[in-house]
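Chains H, X and A supply the protein sequences, listed in that same order. In the numbering used here, each residue's number is its place in the first sequence (first place is 1) plus 135. In the numbering used here, each residue's number is its place in the second sequence (first place is 1) plus 4. In the numbering used here, each residue's number is its place in the third sequence (first place is 1) plus 904.
Please note that a few of the clues may not be correct.
[Claimed, not checked] Under 8 Å between C-beta atoms, here's a sample of chain X residues computed to sit facing chain A:
hint, residue
1, 13
2, 16
3, 182
4, 185
5, 189
6, 224
7, 227
8, 235
9, 237
10, 240
11, 241
12, 242
13, 247
14, 320
15, 324
[As the list claims (entries may be wrong)] What follows is a set of in silico ranges between Cβ atoms, one per label pair, in the way DEER data are often shown:
hint, chain 1, residue 1, chain 2, residue 2, range
16, X, 60, A, 1291, 20 to 26 Å
17, A, 1412, X, 20, 51 to 57 Å
18, X, 11, H, 258, 57 to 63 Å
[As the list claims (entries may be wrong)] No farther apart than 30 Å at their CA atoms in a straight line, the calculated lysine-lysine pairs in the DSS-like style are these:
hint, chain 1, residue 1, chain 2, residue 2
19, A, 1301, H, 376
20, A, 1301, A, 1315
21, H, 376, A, 1315
Think of the hints as simulated: they come from the structure by calculation, not from any bench. Quantities reported herein were computed from a predicted structural model and do not represent experimental measurements. Each residue gets a CB set at the ideal place from its N, CA and C atoms; glycine is no exception.
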Amino acid sequence: MELAEAFMLTVITAATPLLLAAMGELIAERSGVLNLGVEGMMVTGAVAAFAGAQLTGSAYAGMIVGALAGALLAGLFAVLVLYFVTNQVATGLALTLFGLGLSGLIGASYVGEPGIKLAPLFGAPPEETSAPIAAVWRLILGHDLLVYMSLLSIPAVIWFLNRTRGGLVLRAVGDSHGSAHALGYPVLRVRLLAVLFGGLMAGLGGAYLSLVYTPQWTDGMTAGRGWIALALVVFASWLPKRVALGAYLFGGVTLLQFHLQAIGVSVPAQFLNALPYIVTIVVLVAISGNRRLIAVNTPACLGKPFVPDR
Amino acid sequence: MRVEFVRRDQPAAWLRLASPLLAVGLALVLAGLFFQVLGVDAGRALYVFFIEPLQADWSREDILIKATPLILIGAGLTVCFLSSTWNIGAEGQFVAGALAGAIMPLAFPDVEGFWVLPLMLVLGTIGGALCAMIPAQLKVRFGASEILVSLMMVYIMQLFLDWIVRGPWRDPQSFGFPKSRDFHTSAELSVLPGFFDLHWGFPIAIFVAVGVWFFLSRTIGGFDVRVSGAAPRAARFSGVSRARITVFVFAASGGLAGLAGIVDVAGNAQKLQPVISPGYGFTAIIVAFLGRLNPVGAIFAGLLLALTYIGGEGAQLDLGLPVQATQVVQGLLLFCVLALDTFILYRLRWVPKAVATPDTIEEGS
Amino acid sequence: MQYVTDASNDDDDYLSEIAQRKPLLLAMGLTKRFGSLAANEGVRLEIGRGEIHALLGENGAGKSTLVKMLYGALQPDEGLIAWCGRPVVIPNPSAARELGIGMVFQHFSLFEALTVAENIALALPPGSSLKEISERAERTSAQYGLSLKADSQIADLSVGERQRVEIVRCLMQNPQLIIMDEPTSVLTTSETDALFETLLRLRDEGKSLLYISHKLAEVRQICSAATVLRGGRNVGECDPRTESPASLARMMVGDDVQSVRAEPVALGDADTALELRDLHLPRDNPFGTDLVGVSMDIRRGEVAAIAGIAGNGQGELFDAISGERPTDSRSVMLFGKPAGNLSVTARRRVGAAFVPEERLGHGSVPTATLSDNIVLSRGRSEPELGGAGFLRWGTAKRWKDRIVEAFDVRKGGPDPVAGSLSGGNLQKFLVGREFDRSPDLLVINQPTWGVDAGAAAHIRRSIIELARNGAAILIISQDIDEIFEVADRVAVLAEGHLSPFTAAGETDREAIGLLLSRSVAASSEAEIEQALAATPQDQSHHAGGTDHAR
């Protein structure tokens, strides 16, 4: 029972930052913008959340600061890509390099300091509850706000995309920016908002790392999670429910990584640490092999610049 | 009143040359502002970053040493990016090249001879190219994103290097310190006559960059690379296979990154350590863009970015700025290059509000 | 009510005269410049109520720029638009829709990945649920005889069905003025007839239509007024019912174009240059067409033409002949040798040359210079330019100058990028690039599409001359007039099937039209003219449409 509980908690903790960041990137990509700067926004979100929590003494304030930092970087990317029509791939890479540097710079004075952990939203189970019920309580009610937000983002994004006019316009802009423009929709503004949302979510994903996952700051602590989030969006063929599935599958991989040695399998630690990256490659190959699926769901304007002919 | 971009009839030729210079200028201004915000005097910080390293012999040599891998990788990435293929895993290919080249001194320490070093360079190049073949082949065969796969390979190669210098290739006499044994003398890239530290890697890098320039501008193969990036359908009409170009540019950029890896290791540390690169493979992306995707431009861009590495070290010592300040300056530089390139194809126009409002018309009637 | 204009045209009599007609829409002095090019210059347009008004002009005459300004997708640099007598600024398409201006686009306005109902919802003001919209859409479509299912995805619909979506979408906004851009170019004959019925019904309900077309017969059939544009300027306003197709064509094209006519040639036992044997080629994208058992045999000294509406396998046929898509080796024979598995370069080396339909991005690299673009199609096959893998830029520049001179290519600067040339000049350059190598076989897809009349005549003369010098030439064209000007033999490609060739002298437009009409996706001027012959209000000028071709 305890082992099962530990397993599930490992999966949830590993999946949450990926889910947050990938859900944000999904919205950005659905609008037609490929933002390769997720890693940079995430790591900046992580350090900003940590610093915010330190300065205010509140993990919640830190969380908000992290989200805003992610959005700020996304705004920089959006201005360049949308209004200066720069290459999306190159600009995304620049954002990641810049974000990694910036986070290190901000975080330099925080290295080694103990962080403030985001507390579980509903507190610990009441003392008189029996052990099995307490375990269930911890599994269902024992998480922090970010875990619930990440889970809530699944139905919210599905609802937004399929049931609201905003979602319809977003999909239209990603499918054909020329037609959307011809009908009078503000293509660039829609994309700006979508990219900002992506930054906000990546910032939250980063905040989760520095406020919950390991409540401290280490340089480059995202360790490629931003890139894995990008791969998840491809894996999910741009469908929110599959992003959730993918994030939790990756949580499972982390489980393997943490517990394989505990079970007594002797594999060098480096190989276990490489597991998420190897799995990402395998998954990308498997999903890309199914070209029909990819072709049907890829936003047709993904990565293409739009210049209104005024 | 609103500002908008208007496409130029012809790309502005003068800006092609001027935009990297303007970008550097703009990046300096932004970096200065940034340092000021961090509480460091902007003038002093820029001086330490960009002027001081040019004043001592040792630091000038150090710039050339650091520029060597940047130029090699940057020239290779130029080929890749020109074809609109995105190899962003040069950092991993750098490691792969160092590992492959180090096979000679580490796996066969008793084999010595004048031919060992050239063989190492060849092995390093092959190692880098092979590492790049993984994303290239997965792209060509399965359509898997080369961006993500090549990036994942960086983490995998870094972990592999970490394992090998702590495991099979660990120096038995290192007292538990994670490093390989030192290379023997015939596996060392020797110092150029008249210099203290600068090794033959630098002239090799210049030679390679000029060779890549010749290839791109004077051969059919180079033409194919450029065309396939600019207009894929026209490239097919020209008789160019996209798949072959993808494989070729990955092999070329990976091979040069691998060469950079073994040149750097055999020229400087002369042993393997868990970390052998301060992010050369990523910085070289900036080198390629700052050099305007021209290999000769990459020489100058490589020198400038090497300067930021040395300047960053100086800033760490003199001003107490964290080492990541270098990365921030580099990131700003790339942003500025990309933003200013826009002006080559577009110009700004100030639009004086709407064309004809009902009010103005009624006045005229 | 007062009508107004800019100060330069302040003629009270003139204005009150217009005011008496109470037009629904009046545009005056509309000017729009893109860089140095004036796409519209002082354009005037007046549309009455309950009128089907034609907007005529060749490709590039400025029709779509004008329409975009009326629909708010572009802002005029100068001039004014008055709607129901009031000057208006139309900042964006939503504003146009609110005024009561609806638009049925020719291309690129539906969202492939979305459903019919979602596509319609995007064009309506927010507020209604998708369910209500679906119901209203199905009601409206039934009312006008345009059957539609609201929940189907656009990607799964045929071209005709897509247009129905466009029309229903437009009608549901309840517009006073409906702008239709080339609505019949993609329709079958019966679909066209049904469309015309719908349009007449709309007119009878008091709605106005702006009908953009270059099909003169159609215009004369349903329009009661016309505005003609050429080179971005007004060149005439008329009642098309009282004009002959020839007089309309003259207004569109300018001076009577000097006609080129190929004299029939005796080929005797000339060598076969290109032979296709039962070529089958599946489409490589969802919007393509499969080629089914195409056979042909083109000999030196002749110009053979393949007629048909684009999208019936023309692109696939071109790719198979050029080698951009490999086929079974014996399906394509060049000069008597199997070539189906040869590369483009190998085919060029044995003397074949190709000019694709799409000028920018296929025939040329828009961002590369003209001399670069010579290397594009000739660098690998001609040793003087690219022998041993090395490029000789001096040769490229010399050849560029030679082609520019021979084909009178107008350009800015000595060696500008291809994308900066106008469509006609770029086409002359790309055709010239291939003529310059004196090929033994030349395949051109849409030789003069979107090219001005003078340049088109030059290209056509060159084609005939090259054939008389012993080359085999295959042109693939939508333009029946062009085919009758240059071709010795004609066949029709419809839905991936190729008809047998007939000698151009033994057939006429009617016969070709009949062949085209066998295909589902075909409509031709000849056919409409046939239809016209049966229409009582027609002034029996219909045969005139072909004067400049004969």
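Non-conforming hints, listed in increasing numerical order:
2, 3, 4, 5, 13, 14, 15, 16, 19, 21
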